[in-house]
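Protein chains in written order, with my numbering: chain A, 3 to 527; chain B, 3 to 527.
In case anyone wonders, no lab produced these hints; they're calculated from the structure.
It is possible that part of the hints are untrue.
Pairs count within a copy or across copies, as identical chains cannot be separated in the list.
To be verified - Simulated pairs of lysine to any residue, SDA-like, Cα-Cα distance not exceeding 25 angstroms: (1) Lys317 - Arg112; (2) Lys319 - Arg113; (3) Lys317 - Val115.
Number of protein chains: 2
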Amino acid sequence: MRADGLAGGDGGADRLGELIPLALRGMAAGVAERGGPVPAGGPAAVAAALVAERGEPDQATPRVTEPADAALGEPGRQPAGAASVERGTPGHANSGPHRAAPAGRGWLPRRGVGAEAALEELSRLLAAGSADPADPACAAHLHCPPLAVSVAADVVASALNPSMDSWDQAPVASELEREFTAGIARLCYPEAENPDAVVTTGGTESNLLGLLLARENGIVQPVCGANAHHSVARAAWLLGLPAPIVVPCEGDRLLPDALDKILTPGCVVVATAGTTNTGTLDPLPEIAGVCRRKRARLHVDAAYGGMALCSDTLKGKLAGLELADSVALDLHKFGWQPVAAGLFAAREAADLGALTVRAEYLNADDDTEAGLPDLLGRSIRTSRRPDAFRMAVTLHALGTDGLGALVERCCATAAEVARHVEAHPGLRLWGPPELSTVVLRPVAADETGGDELVARVRRALLEAGSAVIGRAALPTGPGGANQLWLKLTLLHPHATAVDYVPLLDRIVATAGAELVAGRESPVAS
Amino acid sequence: MRADGLAGGDGGADRLGELIPLALRGMAAGVAERGGPVPAGGPAAVAAALVAERGEPDQATPRVTEPADAALGEPGRQPAGAASVERGTPGHANSGPHRAAPAGRGWLPRRGVGAEAALEELSRLLAAGSADPADPACAAHLHCPPLAVSVAADVVASALNPSMDSWDQAPVASELEREFTAGIARLCYPEAENPDAVVTTGGTESNLLGLLLARENGIVQPVCGANAHHSVARAAWLLGLPAPIVVPCEGDRLLPDALDKILTPGCVVVATAGTTNTGTLDPLPEIAGVCRRKRARLHVDAAYGGMALCSDTLKGKLAGLELADSVALDLHKFGWQPVAAGLFAAREAADLGALTVRAEYLNADDDTEAGLPDLLGRSIRTSRRPDAFRMAVTLHALGTDGLGALVERCCATAAEVARHVEAHPGLRLWGPPELSTVVLRPVAADETGGDELVARVRRALLEAGSAVIGRAALPTGPGGANQLWLKLTLLHPHATAVDYVPLLDRIVATAGAELVAGRESPVAS
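Please work from the sequences and hints to get the whole structure.
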């Protein structure tokens with residue numbers, strides 16, 4: 003097939019029908035090659051595998067910098083391959099986001115290898131070098147294994163490429179998004195007069211919208227718990243607002259009394275329904291009560307916990323959510339969508355009017371007047387993907403009942419794993435899970451190893467390729483000082499406690515091994 | 003298959019191998035059903051098709067609001083279906099972004115229909131109701147037909163779901179992104195010491211980054227041409243900066259002399275390399291010279307024109323780009339990626355340091371020190387999709403030479419279509435295309451119909467389902483007043499002038515018919 007064949011139009015489905023099996027074959031080969039939740043060897047090994055795939059500049063393959071190409075390459079520099087390997091070596095200081103870029107053209111060859119070879123090779127590479135959340139031992143983050151139905155739906159969205167900035171680029175996609183977001187708005191606000199919701203790139207953008215809508219209402223001082231996601235402070239910075247006033251927490255839960263003491267009418271409070279560290283939910287009814295009394299605005303970051311609304315047995319945890327002015331939800335957490343699948347719901351559709359913008363080529367007044375729906379004010383982006391399509395297909399396939407059952411299963415598994423942690427002589431449980439996060443600490447860390455041991459256990463498991471677990475700093479130390487904990491965020495909808503018990507033993511064994519290693523050579527900072 | 007089967011892990015490729023063919027079958031059926039570039043009938047017909055698919059509330063299918071479900075539905079409201087149809091009716095005032103939401107649950111059923119049925123039905127619906135840029139007559143916007151190779155690659159990215167906010171969620175995906183963005187940085191800045199680039203959701207986010215990096219360098223006054231994209235002013239608003247100072251243009255090109263008169267050291271200039279209206283490029287060397295003399299910062303919005311750098315014959319148009327402090331590029335324009343595929347390049351990697359942020363769970367100091375790459379400072383998002391993967395696969399398949407050839411073909415086609423416009427007695431050409439945009443006006447609009455006729459021609463072709471063409475307001479009227487033009491943005495890499503000549507005739511015929519209709523019933527405002 004020509005490398006430049008199109009995905010849409012008359013022959014599009016046939017072309018995809020030829021190419022996608024090659025990508026899937028590469029993916030299956032890579033999954034088998036990896037043989038675990040994450041590639042072993044850490045950053046150095048992964049970078050080396052990539053360099054091996056790309057080839058070295060001096061091999062003069064058609065894919066890399068050619069010395070003659072002075073305008074684009076930089077002959078005489080160190081090969082990117084060697085630099086990449088060095089970059090990833092543990093202990094190397096240059097691992098920040100703005101470390102030196104690889105020299106030469108990077109992954110930007112002049113001549114191509116064709117669609118078939120590129121797809122199969124790189125799909126294998128990606129699968130072999132990924133942390134796969136479909137493996138239960140990949141349990142660090144709010145990083146879910148996507149449902150096949152959503153991934154399949156996304157193929158059609160990609161192929162037809164509706165761009166959600168004007169109706170004439172996305173006729174039915176924009177109507178379907180509108181129906182879907184209306185459903186989400188109603189899920190969050192069952193009793194509101196006129197709620198609405200828009201699609202975002204995730205909790206970070208949704209939290210930014212929460213502060214932006216407040217700002218446009220003249221409310222410029224953010225307030226959040228010490229348990230809030232870092233995106234709240236980042237949004238304040240981005241929007242030119244003052245840094246958030248931080249309210250103390252207890253048990254990773256914002257204290258309404260402390261909030262009451264500092265709140266004034268010029269404030270927008272961000273509460274959390276499912277913290278990133280522990281999955282704890284803030285006491286929403288009490289917080290909403292304080293906000294109402296003090297005439298403050300309330301945004302709830304329910305990126306993690308929000309879709310528990312789909313479960314009749316769990317939705318009580320979110321009581322009070324409907325009192326918020328706005329809500330962030332992520333269907334790439336509970337919702338099992340590939341990233342991104344963010345949503346932002348507002349109790350009053352009129353509040354979203356702050357996003358209104360005119361661009362003559364996209365939503366001229368006379369077009370809108372003539373009946374062409376105006377989409378531009380439904381996002382701070384312009385071009386955007388119809389992520390609502392795969393969300394709508396997923397919900398059409400499973401229903402909210404089906405999705406709610408998956409949320410329940412993850413939460414039940416977490417509760418059971420927590421009981422195993424409590425019963426384990428080598429582990430300490432932070433507290434009972436409220437959603438699906440289990441926070442634990444090797445007893446050896448309390449006795450001798452301290453936080454450094456905790457951090458080393460996590461990195462050792464990652465480096466060995468045997469598990470991806472998370473970390474959380476929580477104020478459980480003497481005098482409320484932060485202490486480092488390990489975290490299992492359970493988002494695998496089919497895993498059971500049996501899948502996690504061996505991981506608990508491995509954590510304890512690794513802690514023991516790291517303690518011995520630490521005694522032999524002092525723990526590196 | 004179970005509706006909740008996973009896309010990743012051991013059986014993931016097999017599950018996708020079963021489901022994707024159903025989605026593609028639905029898509030092919032929908033494409034055939036549409037039989038043109040866009041569904042006929044306008045918003046009313048599209049909304050009605052969606053309602054028909056979903057079913058009416060009173061049919062009591064399992065997919066819609068059940069009256070008993072008082073917590074989630076709102077019994078007694080008007081059915082969403084009827085509301086949707088009315089909403090789309092031409093002339094209906096309620097077509098803005100914050101029109102009333104559909105009543106009831108929208109597209110959020112309690113019970114599902116299973117993965118197979120949901121996928122095939124909704125894929126057909128999406129294809130039948132889309133404006134397909136793989137049809138040459140869909141030529142309104144910078145809305146490209148995606149390459150099959152990119153869409154196929156995206157399947158693997160979706161299935162494995164690397165999230166680009168920490169290395170342990172995206173080991174090889176993050177390294178590959180780094181290699182790819184390094185190549186892009188080098189493409190923009192062949193001679194710079196240490197350029198870097200990051201992935202964005204498109205020109206809107208890239209332009210925001212351009213202003214944000216300026217702001218973090220203490221430069222807070224944006225300046226742009228009257229030809230700049232609306233996202234520049236929107237970014238200033240979002241970031242809490244003053245509204246941009248707007249510099250006059252001639253021929254949709256910023257006037258360097260006019261810039262010289264107003265520029266001060268506290269300014270950041272946004273120049274455009276390929277305007278949305280006409281594809282014109284600002285005189286970058288002159289603008290860069292003015293900026294250097296006045297010690298102003300320069301960001302270039304090359305979202306449209308940037309990838310012409312891949313063509314040896316076209317890259318001269320972008321001379322001076324390498325003098326900018328930062329550059330926006332979109333591979334979902336020239337690059338043939340599904341939305342989103344934005345890039346932001348900075349001449350000095352250190353400038354991106356403004357994005358640095360710490361979140362203990364994602365990039366703790368001790369983890370970074372121990373060699374885990376820190377990804378969080380490479381975006382203003384947190385979770386994000388590995389869009390670099392499909393871009394890298396595409397470039398691996400085609401090479402920059404292959405991609406450059408496609409850009410050349412679109413530009414050559416535009417030049418030829420422009421000659422046909424010039425030769426057409428019923429049309430007037432705005433000016434010779436610099437990239438792939440052809441701007442034209444029916445002569446009938448100059449004679450009697452005016453701007454209203456131009457707008458009606460566009461809407462009539464859209465309503466008939468026969469073509470999707472764009473509009474551009476340009477200061478060609480008496481005394482420099484804006485006049486409305488029609489716009490063909492040619493991004494179909496395989497179409498030739500032959501595909502567009504019939505469209506030119508259809509525009510003239512439609513203008514004639516609309517004139518007659520206007521005489522019979524006065525032109526609606």
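We went through each hint and held it up to the structure:
1. Lys317 - Arg112: Between copies only: 14 angstroms across chains, 55 angstroms inside a chain, cut-off 25 angstroms.
2. Lys319 - Arg113: This pair counts as between: shortest inter-copy Cα distance 22 angstroms, intra-copy 56 angstroms.
3. Lys317 - Val115: So lysine 317 and valine 115 pass the 25 angstroms test across copies only (23 angstroms; inside, 52 angstroms).
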